[in-house]
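Below, each chain spelled out in residue letters.
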Amino acid sequence: MADQSAVSAGKARVGSQNIIQIADLKKIYQLGKTSVEALRGVNFSVAEGEFTVVLGPSGSGKTTLLNIIGCLDRATSGQYLLDGEDVSNRDFNDLAEVRNFKIGFIFQNFNLIPVLNVIENIEFPCLVRDKREERAKLRERVRAVCAEVGLERFMTHKPDELSGGQRQRVAIARALITEPRLVLADEPTANLDSKTSDQILELMQRLNREHSTTFLFATHDPRVMELARRTVRIKDGLVVPD
Amino acid sequence: MNILFQIAVRNVFRNRRRSLFTLSAILVGLTVVLAIAGVSNAFYRYSIENAVNVKLGALQVHKRGYLNNLSLNPLTFNFEYSPEILKKVESVKGVKAASGRIVFRGLVSNGRNQALFFGNAVDVSREDNVCPRWRGTLTDGSRPLNPEDRGQALVGQELARSLNVAPKGLQLPDAKPETAGEFLNLSGASPQGRQNAVDVQVVGLSRSLLAIEEKRSLTLPLTVAQSLLGLEGRVTEIALSIEDLDSISAVQRRLQAALGDEFEVSTWSDVQPFLRDVLFRQRVMIGIISLILFVLVLFVIANTMTMAVFERTREIGTMLSVGIKRRQIQSIFLAEAVFIGVVGAALGTVTGLIAVLILNIIGIPLASGLAETGLLHPFVDFGFTLAAFAVAVVCSSLAGIFPARRASHLNPVDALRAS
Ligand SMILES: Nc1ncnc2c1ncn2[C@@H]1O[C@H](COP(=O)(O)OP(=O)(O)OP(=O)(O)O)[C@@H](O)[C@H]1O
Ligand SMILES: [Mg+2]
Chain A
1 MADQSAVSAG KARVGSQNII QIADLKKIYQ LGKTSVEALR GVNFSVAEGE
51 FTVVLGPSGS GKTTLLNIIG CLDRATSGQY LLDGEDVSNR DFNDLAEVRN
101 FKIGFIFQNF NLIPVLNVIE NIEFPCLVRD KREERAKLRE RVRAVCAEVG
151 LERFMTHKPD ELSGGQRQRV AIARALITEP RLVLADEPTA NLDSKTSDQI
201 LELMQRLNRE HSTTFLFATH DPRVMELARR TVRIKDGLVV PD
Chain B
1 MNILFQIAVR NVFRNRRRSL FTLSAILVGL TVVLAIAGVS NAFYRYSIEN
51 AVNVKLGALQ VHKRGYLNNL SLNPLTFNFE YSPEILKKVE SVKGVKAASG
101 RIVFRGLVSN GRNQALFFGN AVDVSREDNV CPRWRGTLTD GSRPLNPEDR
151 GQALVGQELA RSLNVAPKGL QLPDAKPETA GEFLNLSGAS PQGRQNAVDV
201 QVVGLSRSLL AIEEKRSLTL PLTVAQSLLG LEGRVTEIAL SIEDLDSISA
251 VQRRLQAALG DEFEVSTWSD VQPFLRDVLF RQRVMIGIIS LILFVLVLFV
301 IANTMTMAVF ERTREIGTML SVGIKRRQIQ SIFLAEAVFI GVVGAALGTV
351 TGLIAVLILN IIGIPLASGL AETGLLHPFV DFGFTLAAFA VAVVCSSLAG
401 IFPARRASHL NPVDALRAS
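From first to last, the protein sequence lines are chains A and B.
Counting from 1, one number per residue, gives the positions in the first sequence under the working numbering.
Counting from 1, one number per residue, gives the positions in the second sequence under the working numbering.
Rather than coming from a laboratory, the hints here were simulated on the basis of the structure.
The hints are all genuine.
Label-pair restraints from in silico Cβ distances:
(1) B:Ser24 with A:Pro114: 23 to 33 Å
(2) B:Arg14 with A:Ser163: 19 to 29 Å
(3) B:Val32 with A:Arg90: 47 to 57 Å
(4) A:Ser163 with B:Val32: 42 to 52 Å
(5) B:Arg14 with A:Ser45: 42 to 52 Å
(6) B:Ala346 with A:Pro114: 23 to 33 Å
(7) A:Ser45 with B:Ala346: 57 to 67 Å
(8) A:Ala136 with B:Arg283: 52 to 62 Å
(9) A:Pro114 with B:Ile292: 31 to 41 Å
(10) A:Asp130 with B:Leu347: 32 to 42 Å
20 Å max Cα-Cα, derived DMTMM-like pairs, lysine to aspartate or glutamate:
(11) B:Lys325 with A:Asp94
(12) B:Lys63 with B:Asp261
(13) B:Lys96 with B:Asp244
(14) A:Lys195 with A:Asp221
(15) B:Lys325 with A:Asp73
(16) B:Lys325 with A:Asp130
(17) A:Lys195 with A:Glu148
(18) B:Lys96 with B:Glu264
(19) A:Lys137 with A:Glu148
(20) B:Lys55 with B:Asp128
(21) B:Lys87 with B:Glu262
(22) A:Lys26 with A:Asp236
(23) B:Lys55 with B:Glu158
(24) B:Lys325 with A:Glu97
(25) B:Lys325 with A:Asp91
(26) A:Lys137 with A:Glu152
(27) B:Lys63 with B:Asp270
(28) A:Lys235 with A:Asp221
(29) B:Lys63 with B:Glu84
(30) A:Lys158 with B:Glu311
(31) B:Lys55 with B:Glu243
(32) B:Lys55 with B:Glu214
(33) A:Lys26 with B:Asp414
(34) B:Lys325 with A:Glu133
Note that the Cβ used here is the ideal one computed from N, Cα and C, for glycine as well.
Make the full structure from the sequences, and use the hints.
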């Protein structure tokens with residue numbers, strides 16, 4: 001409930017509000033006796049409605065950073081405010097609610113649920129809520145999102161009957177159905193050919209413009225940078241100044 | 001339908017081969033449990049009916065104290081064998097027929113050798129209605145006792161061999177024909193200890209599954225024993241057959257009430273605790289076998305579910321990323337286990353019942369050394385079937401709990417990194 005009111009309160013805010021605010025964020029993975037410092041004091045912020053690319057070579061800490069921002073993981077130290085709110089002390093189920101209401105994920109390997117068809121995959125985040133909206137209304141919204149991402153003709157297909165580009169469109173639609181404050185895309189084009197990649201990128205940028213949804217896009221592909229209004233470079237767990 | 005339940009069910013169908021394997025484990029387990037329970041039931045009923053119809057009768061009436069004093073002198077617990085008492089017990093609801101007996105011990109002699117015998121003196125004209133198979137299994141050339149017999153007897157074939165007697169015209173296989181006799185001298189003592197003797201003509205040789213009976217048993221008309229033991233007009237027990245063995249305790253209670261404190265009414269299991277214990281032990285064995293089968297089924301399902309969780313780790317990570325709660329993940333995998341369990345148990349119950357039905361129609365031959373071998377007709381009752389079904393379902397649910405808990409406690413990041 002608290003999250004729902006937070007969502008509506010967030011919507012009322014003006015566009016200059018920082019959705020992500022990160023200060024001196026560190027993440028240390030403990031592997032037996034050795035420890036890996038994946039993030040070594042990251043500072044940056046993302047304003048509402050921005051399309052930001054996090055660019056960095058493999059192993060630089062992009063996924064680690066996105067997992068913390070997406071409330072899938074916790075930082076070892078440092079501060080992270082999501083929508084002005086410190087979520088570091090929330091318990092597991094609270095974080096699940098935060099993810100469900102505020103964040104949409106798009107992954108490199110699509111991560112669809114194989115036994116659900118396109119419609120069901122897209123509406124899934126709304127169906128697992130404690131308080132569900134009317135099924136007919138939800139279906140209407142799913143149809144609209146499908147139209148937006150160009151999936152009208154594949155609504156009853158299963159993921160394994162779709163191409164990579166189509167699967168990623170389903171993932172994008174699933175991320176958008178909850179009307180999240182923030183969409184996190186972790187190398188969403190890495191498994192696609194360049195033409196399909198371009199289409200997916202174009203789609204995400206259009207959605208960013210039309211819905212003014214904030215996008216954070218991690219990639220090691222410098223080509224993507226040209227499309228972004230803003231790039232955050234990351235190397236060895238640190239943000240590199242331009 | 002709930003989306004989580006749909007995911008569970010669809011995954012069962014998606015992994016068709018593994019689901020079929022798991023299903024067949026439950027199915028085979030339940031079928032075997034029902035089949036062995038069916039055979040056991042049939043054996044149980046056969047044993048009881050055998051005991052009841054051949055020798056004991058369903059219920060027995062004695063003078064109070066008889067059963068506790070069997071080793072002393074049971075003959076002192078004799079009572080009057082009157083038409084009144086017969087009428088009294090036969091008018092009790094559920095009683096079919098009644099017949100008086102004297103069970104005693106004595107010495108039997110052929111003029112040269114002596115042996116101990118266990119005498120069973122029966123009211124020949126009535127015994128048929130109480131123990132329809134009381135004549136037992138007789139050897140070829142024997143004849144059963146008739147109501148007209150006054151001095152005839154049936155002798156266990158081993159006892160006959162050792163005393164070298166045989167019915168007229170019947171040759172014992174390894175006896176010298178010229179020496180085989182037809183008559184035996186029985187001696188016994190009255191309750192007061194007065195010795196007496198009587199001659200009987202052997203008309204038949206009886207066989208038994210129990211060696212002791214072939215060696216010791218001697219069946220004779222009630223009147224012969226009464227005059228031998230000085231118990232004219234008296235018996236030591238009245239055996240009864242009843243309409244329905246399942247309502248034996250009710251009939252026992254009514255009979256006891258009708259007869260009052262002077263008498264004690266016992267069931268077949270009271271007078272033959274040995275048989276009751278054997279049958280009880282057999283039931284315990286069946287229970288243990290069933291339990292083992294159910295535990296095996298439990299492990300198969302637990303293994304299937306553990307594999308399912310392992311294979312779908314990244315899927316779990318995905319669901320966690322869109323904000324599913326731990327208990328929802330748990331319910332997906334639990335539903336899967338329960339679904340397989342219910343379907344498997346339902347199919348297993350059906351195949352089990354079919355197996356029992358087929359066995360019931362064909363019948364299982366009873367392996368015994370006697371010429372008269374019976375067929376066992378397995379059967380199960382509704383309560384047991386329902387219980388077996390329920391236990392199978394409960395087992396599968398239990399088997400799902402641990403894997404489901406594991407699934408729900410995965411760390412989202414680790415789950416998403418799984419290949
Ligand atoms: N769960 C983990 N346990 C231990 N070390 C980890 C774990 N996750 C990441 N790391 C390490 O942290 C560092 C950063 O990894 P991360 O996955 O964030 O990089 P990345 O920028 O996403 O790389 P890529 O482009 O290959 O996906 C790497 O050195 C990696 O080996
Ligand atoms: Mg990565």
